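Peer 1: Sequences are here, hints too, so could you generate the full structure?
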Amino acid sequence: MNIDARIQRRQHRDGEPRLIRDYQPLSPVVHVDEPSDRGPVLERLLDHLDPAFDGQLPPNAYVHGGAGTGKSAVVTALFSHLQRLSTERQSVIHTSTRIASPTAPGFVVVDLRGKTSQFAFYHSVLDALVDDPVPEHGISTGELHGRLHDLLGESRTGVVVAVDHVDESGSVDVAELVDLFAGLPNNASWLAVGRTDPAEIALTEYTAVSIGVEPYRRQTLVDVLMARASEGLARQALDHELVRRIARWADGNAHDALLALFVAADRADRAERTQLLPADIEAAIEEIPRPPVSLGRVLALPANKQLVLRELVDIDETQRASVTATTEAISSGPVDLSPGTVKRFLYEMAEFGIVERVRAETRNGKGRPPSRVELCFPPTAFRRLYDLRQ
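For the sequence shown, this note's numbering gives the first residue as 1, with consecutive numbering after it.
Because the hints were derived from the structure by calculation, they are not lab data. Here the structure is a predicted model, which is why all the values come from computation and not from measurement. Among the clues, some could well be false.
[What the hints assert, rightly or not] Derived Cβ-Cβ restraints for the label pairs, each shown as a range:
1. Ser169 <-> Ala325: 43 to 49 angstroms
2. Glu214 <-> Pro369: 23 to 29 angstroms
3. Glu328 <-> Gln24: 33 to 39 angstroms
4. Arg244 <-> Arg273: 18 to 24 angstroms
5. Gly212 <-> Ser169: 19 to 25 angstroms
6. Ser169 <-> Glu214: 22 to 28 angstroms
7. Ser155 <-> Leu42: 36 to 42 angstroms
8. Arg244 <-> Val130: 42 to 48 angstroms
9. Tyr386 <-> Arg248: 25 to 31 angstroms
10. Arg290 <-> Met226: 20 to 26 angstroms
11. Glu317 <-> Asn186: 52 to 58 angstroms
A virtual CB, placed ideally from N, CA and C, is assigned to each residue, including glycine.
Peer 2: Written out as C-alpha cells, the structure is:
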C-alpha cells in the first residue's frame, strides 16, 4: 500500500471525471516494488546471493533475458530490499554481549544507460555508495577510482554491484566494461544484466553462474496490466478483453504491453473519455514500431538530444522526407542548437537505433536517394513523459 500515491491521486482531482489519475503507474519505464510472476527468478538470484547473508561476497554473475522480461525490475527491487536490510542489520548491536551483528555486504545498482566513459561508470558506483552527492566536475577519473578504493578498503564485507543494460549500444562497450570491473576493489563483486545470450558475451568468462529470465506468460501479463491500470486509471476504465488484446500482441514483453496501454490511455484521455475503447488499443498498437527501442533508452539520452527528439515528434511526415529537411524543420523551432549540431545528433541517434534512416524508394535526379527519418519509439509516449518531466 502506497499511502502517498493514494493521497496524490486525490489531490489531482479538479472536479471533473478523469480517465488518467496518475501517469507513473502506467509508465513502462517505472519499476514496481514487487514484480509479478518473477518468483523463480527471485529465488535463483537469492540462491546466488546467499553467501551475503553470512557476511561474504557472492561470485560474479550474469542475468540475461529478452526485452521486457522484467530483468531490471526484479534486480532493482531485490537490491533495494537487500540494501535496506543490510543497513538495518549493521545498525543492530547486541547490548548483552556488546558484539555487533554480522555485517552484510552493501548492494547498489548502476544503470549503464547514458554511461559512455570510465569516469561515468566509477562516478555512478561511488555515488550509489555514499550519502552526499559526488561532484561531476572538478574531479578526475583517477580521483574517483581512488576514493572508491579508499571507501571499500574500510569495509570488511565489501559491496555487490548490479550493473544493468550492459550490452546496449550508446553506453560503455562490453570489452571496456571488463576492464572497468577489473578496476573495482577486491572486495567488490558484480552482477551484470543484459539481453545477450551467455555464450555470446565476453562477460561470462568472468562469472560463476548465468541466470536466465523467461518472457511473461500471457495471463501474468494481463495481471500486470490490470494492476498498473488499477493504480493509474479511473475505476472501470479498462475492460478485461482490451487488456487481453494487448497481452496477445505483446507476446510476453511487459515493456511493449505497458507502452501500448500508456499510449491508448493517453489517446482516450485527450479525447476526454472516461473509458478506453477498442479503437484506442488498435491505434496504440499501430503507433508502436516492432520492435520498439526501449523508452528508457530514449529518456536516458542527454538533455539536448531529447530536446531534438521532442521537436521531431511534432513535425509532420513531409518534413521528415530527408535528414536535411528534418534538420531544417527542427532548427526553425525553439531549439537553441545550430543546424550542424542537430544533423549530427540525428545521425548519432540513427547509429544507436533511437531513430532510423529509411532510404527512399524513388529519387529525383542523380546521386543517392534521400533517407527519411523514422522514429523507433511511439511519439505519444515520449511526448507525454518528456513533458511531464519539465
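Peer 1: Now tell me, hint by hint, if it's right for this structure.
Peer 2: Status of the hints after comparison with the structure:
1. A beta carbon spacing of about 26 angstroms between Ser169 and Ala325 contradicts the range 43 to 49 angstroms that was offered as a hint.
2. At roughly 43 angstroms, the beta carbons of Glu214 and Pro369 sit outside the given window of 23 to 29 angstroms.
3. For the pair Glu328 and Gln24, the supplied restraint of 33 to 39 angstroms holds, since their beta-carbon distance comes to about 36 angstroms.
4. Against the hinted window of 18 to 24 angstroms, the Cβ-Cβ separation of Arg244 and Arg273 comes to about 20 angstroms, which satisfies the hint.
5. Look at Gly212 against Ser169: about 22 angstroms separates their beta carbons, and that is inside 19 to 25 angstroms.
6. Taking 22 to 28 angstroms as the suggested C-beta distance range, the pair Ser169 and Glu214 conforms, at roughly 24 angstroms.
7. The given range of 36 to 42 angstroms is broken by Ser155 and Leu42, whose C-beta atoms sit roughly 26 angstroms from each other.
8. Checked against the given bound of 42 to 48 angstroms, the beta carbons of Arg244 and Val130, roughly 47 angstroms apart, stay inside it.
9. Here the CB-CB span from Tyr386 to Arg248 is close to 29 angstroms, well matched to the stated 25 to 31 angstroms.
10. Checking the proposed 20 to 26 angstroms range against Arg290 and Met226 shows it holds: the Cβ atoms sit about 23 angstroms from each other.
11. Under the hint 52 to 58 angstroms, the C-beta atoms of Glu317 and Asn186, about 56 angstroms apart, fit the expected range.
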